[in-house]
Structure formats: C-alpha cells, structure tokens
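4 protein chains.
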Amino acid sequence: MPGLTLADARAALDAGLAEADAIGQPMNVAVVDDGGHLLAFARQDGAIRASIDIAQRKARTSILMEAPTAALMPLVQPGAELYGLEQTAGGMVVFGGGVPVHRDGVLVGAIGVSAGSAEQDVQVAEAAAAAVSTPVPA
Amino acid sequence: MPGLTLADARAALDAGLAEADAIGQPMNVAVVDDGGHLLAFARQDGAIRASIDIAQRKARTSILMEAPTAALMPLVQPGAELYGLEQTAGGMVVFGGGVPVHRDGVLVGAIGVSAGSAEQDVQVAEAAAAAVSTPVPA
Amino acid sequence: MPGLTLADARAALDAGLAEADAIGQPMNVAVVDDGGHLLAFARQDGAIRASIDIAQRKARTSILMEAPTAALMPLVQPGAELYGLEQTAGGMVVFGGGVPVHRDGVLVGAIGVSAGSAEQDVQVAEAAAAAVSTPVPA
Amino acid sequence: MPGLTLADARAALDAGLAEADAIGQPMNVAVVDDGGHLLAFARQDGAIRASIDIAQRKARTSILMEAPTAALMPLVQPGAELYGLEQTAGGMVVFGGGVPVHRDGVLVGAIGVSAGSAEQDVQVAEAAAAAVSTPVPA
Numbered sequence: 001m002p003g004l005t006l007a008d009a010r011a012a013l014d015a016g017l018a019e020a021d022a023i024g025q026p027m028n029v030a031v032v033d034d035g036g037h038l039l040a041f042a043r044q045d046g047a048i049r050a051s052i053d054i055a056q057r058k059a060r061t062s063i064l065m066e067a068p069t070a071a072l073m074p075l076v077q078p079g080a081e082l083y084g085l086e087q088t089a090g091g092m093v094v095f096g097g098g099v100p101v102h103r104d105g106v107l108v109g110a111i112g113v114s115a116g117s118a119e120q121d122v123q124v125a126e127a128a129a130a131a132v133s134t135p136v137p138a
Numbered sequence: 001m002p003g004l005t006l007a008d009a010r011a012a013l014d015a016g017l018a019e020a021d022a023i024g025q026p027m028n029v030a031v032v033d034d035g036g037h038l039l040a041f042a043r044q045d046g047a048i049r050a051s052i053d054i055a056q057r058k059a060r061t062s063i064l065m066e067a068p069t070a071a072l073m074p075l076v077q078p079g080a081e082l083y084g085l086e087q088t089a090g091g092m093v094v095f096g097g098g099v100p101v102h103r104d105g106v107l108v109g110a111i112g113v114s115a116g117s118a119e120q121d122v123q124v125a126e127a128a129a130a131a132v133s134t135p136v137p138a
Numbered sequence: 001m002p003g004l005t006l007a008d009a010r011a012a013l014d015a016g017l018a019e020a021d022a023i024g025q026p027m028n029v030a031v032v033d034d035g036g037h038l039l040a041f042a043r044q045d046g047a048i049r050a051s052i053d054i055a056q057r058k059a060r061t062s063i064l065m066e067a068p069t070a071a072l073m074p075l076v077q078p079g080a081e082l083y084g085l086e087q088t089a090g091g092m093v094v095f096g097g098g099v100p101v102h103r104d105g106v107l108v109g110a111i112g113v114s115a116g117s118a119e120q121d122v123q124v125a126e127a128a129a130a131a132v133s134t135p136v137p138a
Numbered sequence: 001m002p003g004l005t006l007a008d009a010r011a012a013l014d015a016g017l018a019e020a021d022a023i024g025q026p027m028n029v030a031v032v033d034d035g036g037h038l039l040a041f042a043r044q045d046g047a048i049r050a051s052i053d054i055a056q057r058k059a060r061t062s063i064l065m066e067a068p069t070a071a072l073m074p075l076v077q078p079g080a081e082l083y084g085l086e087q088t089a090g091g092m093v094v095f096g097g098g099v100p101v102h103r104d105g106v107l108v109g110a111i112g113v114s115a116g117s118a119e120q121d122v123q124v125a126e127a128a129a130a131a132v133s134t135p136v137p138a
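Protein chains in written order, with full-length UniProt numbering: chain A, 1 to 138; chain B, 1 to 138; chain C, 1 to 138; chain D, 1 to 138.
These are calculated hints, taken from the structure and not from any lab test. Some hints here could point you the wrong way.
[Unchecked claim] Example chain B residues on the side facing chain D (calculated, C-beta under 7 Å, incomplete):
no.	residue
1	Leu6
2	His37
3	Leu39
4	Ala40
5	Phe41
6	Ala42
7	Arg43
8	Gln44
9	Ile48
10	His102
11	Arg103
12	Asp104
13	Leu107
[Stated by the list, open to error] Far from chain C, by Cβ distances over 12 Å, these chain D residues were calculated:
no.	residue
14	Ala7
15	Ala11
16	Ala47
17	Glu126
18	Ala130
In this text, a Cβ means the ideal position worked out from N, Cα and C, and glycines have one as well.
So that you can see chain A by itself, here it is in the shape it has in the complex (with noise of 0.2 Å):
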C-alpha cells in the first residue's frame, strides 16, 4: 500500500483540479514521491507561469521538511529560529500549499499547488492529499 503508484498520483492530481475548478481558481499542482522526485504534474488554464517551479518546490519542500509549507512561515521570520531556511536545500518554499501525503503513518509523498491566495492553494493541496491518504493506524 505504501508508496505512490502513477494512478495513484494521478488520482491526487485530478483531486486537486476538481477542487481548483470548484473554487474557480486555476492552478498548478504537482505530486512528487518520497524522495521529493515529480510523479505528475499539470497546469490549468490560466494559472501563471511562476508557479510551475513554486509548485513543484512546495511538494519537495514538504518531503524535505516532513511538514506542509504552512507550517514553516512562523518559524523563517527575522528574529525567528529559522531565518533563512529558505535559502537552502536548493531553494525552499516557506508560504501554504505543500502538503505531505501519508500512508498508514509513513511519509509516501506530497503536493504542492500554487497560483491562488495561499489560503486557496492549501485547500487545493489538502483535497489532493486527502484522495490517496489513509488515516495514521490506530
């Protein structure tokens, strides 16, 4: 079960692009496996350029840190314990939309969305996420 197939990947893919359309934002989104590498990846009509790389780097960046992009804003602030993690590993992504994906407890993989609010592109994430998720065990 572990480990995200093609299908798989695609299957989150299609999540995230039913829920871009539902809000009326088009969107790129990006699924990458356990190693940060890119499995599927689509751009909707519309959505802008620029967020072809963020896209793709909000996914790896959730790989690299084990945590979604979201969680990493507070952390990179000046003053804060982090300050310029964004600056490493190739170039991070420290705002919403890379959302790490789980299987029975087990980091699989992640997504990343981006070309909404930030607020727009983790709601995009997470639906993508949540199609080949399964919940920690119990």
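With chain A held as given, fit chains B, C and D onto it using these hints.
Leaving out everything else, chains B, C and D in the frame of chain A:
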C-alpha cells in the same frame, strides 16, 4: 495584432530610452516576449551593470506572475503571504520596474527597466509599455 | 486552434503513455507550451528518475531550437559545427526524445520523453505529438 | 575613441541586422562591452530562441578569450590542447559567431551572433564589428 515583433520591441525600447533621457537617469531596458524570452535590450551610457540582469529579470517576472513587479513588494515582506517568493522560479525581482504588455486583453510581453530609483524604473517601463500596448477591448 | 490547453496537453500525455505501455518501457513524458513552460507531466512506475529532468529538458530544447532533439545529435559531435551546443541556453539535450508540436504550421508546444532507448523515446514522443498536432495547411 | 557607447553598440547591431536581412537569415545579435557586459541586443522575427543565450555567450567568450569564437573550435576537440574549455568560465561557446571589436588596437567590446549556420553567424558578426572597429594604428 497580438505577439510582439522586433519592430514592436524596438518601439517600446526607444520609448523607454526617451523617457529615461527626459528624466536624466541612464537606464537598462529589456523587452521580452509572452514566454519571457528576450527580444530587445539596451544599456544607456552610465547605467550600472547589475541592472543588465535586473532589467531582464523584472521583465521575466512580470510574465511569470502576470503582474507588475511593484505589485509583488507588499506580498513578500516578512509576515506577508508570499515571503520568500523571490527565491522561486529561477529568481524573481519583487521591486518596481517590470511591467506587462497587453494587446486586446492578451499578455503579449513585458518590459523591465533598472538602474534608477524604483519609481523612476516604473515610470520608464510604463512609458515603454504604453508605446506598444492596446487598451482592453470594450 | 493554436495554443495548447491543459486538455490538449493531457491528450498528448495519454497518447504517449499508451505508446509506452504498448512497447513495454516505462517513461517520463513532459508537455510544454510554446514558451517552453511545463503544462503536464507523468512518470510511469519503474521509469528512472534522471529522466524527470531529461524529459522536460528535451521538450524545452525542441522549443528553443525549433527542431526535434534527435536532429541535433550529428551537429554537436566532435568536429561538427555546433560542438558544445548542449552547454548553452541553460543546458539542452541533444539526443532523441524531444519533438515539436505544430498546429496550422505554428509551433505551439513540444513533447519530451525519456527513460527508454533514444529510439523508444522518439517513438513515444512522436505518438504524443501526433495526438495534438495538425498538418501544415495546404 | 575607445570604449563603446550605446550609440556605437546600436550602430553595430543595426549593421548586423542589415547583413542578416541581406542573407535572409533571421538572427539574434548581441553587443557587449570590454568587460563582457551586455550593451545592446535584438532578436529578429523568426530567429530561434536558443540563440538568445548563445549570441550573448559568444560575445562574452570573445571578450574572455580575446579571440573570435571560431578560432577556439580546433583547440577544444578531443585530443586537442584545450579539450573541455567550453565548460569553464561560466560556459563558453566554441563555434563561430563571436567576434572581438578593437579600436586603436584596444579590445573594446565584442559581437555575438546566432541562429544561422556558423558561417552565416560569423558573416553577420563581422559586419556588425566592422561598423564600429578601427584598424590597428600603423
């Protein structure tokens, strides 16, 4: 009509250079196509050379973000929604001087200007863009 | 008609993935727009991960050179006219698997495929491109 | 007299563009100063976009090596003295189309041209350089 030719790009460039002359600030002016690829460039005598890259990067940022670079400044401040954005997409510029060019409501290119104050850069970029833009159709 | 939508890009992608299935070689398939910017991507189960980058780079090379990447191979050999070309323009790929997409005689995008032999990559890229290309008008 | 102004650079550029028109091959033409920094650039309608970088890189190579790029080709072949040179100094171009500009025997800039055959690129670059060079003083 949409799509910038070299003749269009040089018309925009010359309008920008004339504006720079008018305000007495030597400038670097870049014109890119709708994919962010350089069409025309000029560096005026006395303009700093860091701005060779900055001008081109501003133009490319305007394409990738589909916005003037000046609009990004508040969004990337500490505590703001897109903090760290400038590190993505190959390195973007988030201060003024990048301006999109639209024709018939379509994004067809962008201007990037650098070497003066941000305010001067914007003024010159807007003059360049105005020379080849058309209003949104009514 | 010119200009690839996401629907077009996914039709091309799916045609490529079907061809890869038919020859039994898992592939990475990328579709880019006329500016070389990514539209859609998929990595099949078992395809090597170096090809994530190679597939995208082949597609981008086809846009920048306006040619199939296989056509570049003889030109960049020792003693040939464009020796060292692959080092330019951010790093281009000069072996087969990048194929331009034309519509009504206009370059509207490109396909990049990687993970098999160059011959297999070309076969899959051509199948993907054929799904969304139109013949040059008579 | 030594030192290229923007007026000089545009005179060189226009001479190059006129030569490109004369041979019917759309070109990318770049003019750099004695430090290899861009002064002026134009991409003609129909010229491939890979050559945006190649033209600038040829001009810069001519400054760094103080030689036409065509002169480097035999030196970098397998077994030859400077094999691998093109990987150094940020990436140099070792095929024809980069030409130094001298005034009164002093290297003051360089031209880089790309998009045609190497022979055509050299022809256009030499036309551009000739427009602003002066002969070595007798």
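Hint by hint, here is what the structure shows:
1. Satisfaction of the interface hint for Leu6 of chain B is found here, the shortest Cβ-Cβ separation to chain D being roughly 5 Å, below the 7 Å cut-off.
2. Hint status for His37 of chain B: holds, given a least beta-carbon distance of 5 Å to chain D, under 7 Å.
3. Among the interface hints, the one on Leu39 of chain B holds; its C-beta lies about 5 Å from the nearest C-beta in chain D, closer than the 7 Å criterion.
4. With 7 Å as the threshold, the beta carbon of Ala40 of chain B comes within range of chain D, its nearest partner Cβ sitting at about 5 Å, so the hint holds.
5. For the restraint placing Phe41 of chain B at the interface with chain D, the shortest Cβ-Cβ distance is roughly 4 Å, inside the 7 Å limit, so the hint holds.
6. Restraint check, Ala42 of chain B versus chain D: the minimum CB separation of about 5 Å is within 7 Å; hint holds.
7. For the restraint placing Arg43 of chain B at the interface with chain D, the shortest Cβ-Cβ distance is roughly 5 Å, inside the 7 Å limit, so the hint holds.
8. At a threshold of 7 Å, the smallest CB-CB gap from Gln44 of chain B to chain D is about 5 Å, leaving the interface hint in force.
9. A distance limit of 7 Å between C-beta atoms decides the matter here; for Ile48 of chain B the minimum to chain D is near 10 Å, and the interface restraint is violated.
10. Taken as an interface hint, His102 of chain B does not check out: its beta carbon lies about 20 Å from the nearest beta carbon of chain D, beyond 7 Å.
11. Checking Arg103 of chain B against chain D: minimum C-beta separation of about 16 Å lies over 7 Å; hint violated.
12. For Asp104 of chain B, the interface hint is violated, the least distance from its beta-carbon to any beta-carbon of chain D being 19 Å, above 7 Å.
13. Here the hint on Leu107 of chain B is broken, as its CB sits about 17 Å from the closest CB of chain D, past 7 Å.
14. Residue-level check passed: Ala7 of chain D sits 29 Å from the nearest beta carbon of chain C, beyond 12 Å.
15. Distance check for Ala11 of chain D against chain C: the nearest CB is about 27 Å away, which clears 12 Å, and the non-interface claim stands.
16. The claim that Ala47 of chain D is not at the interface with chain C is violated, since a C-beta of that chain comes within 12 Å of its own (minimum 10 Å).
17. The Cβ of Glu126 of chain D lies farther than 12 Å from every Cβ of chain C, with a closest approach of about 17 Å, so its non-interface assignment holds.
18. Distance to chain C confirms Ala130 of chain D as a non-interface residue, since its nearest Cβ pair spans about 23 Å, more than 12 Å.
Consistency with the previously given hints fails for numbers 9, 10, 11, 12, 13 and 16, ordered from lowest to highest.
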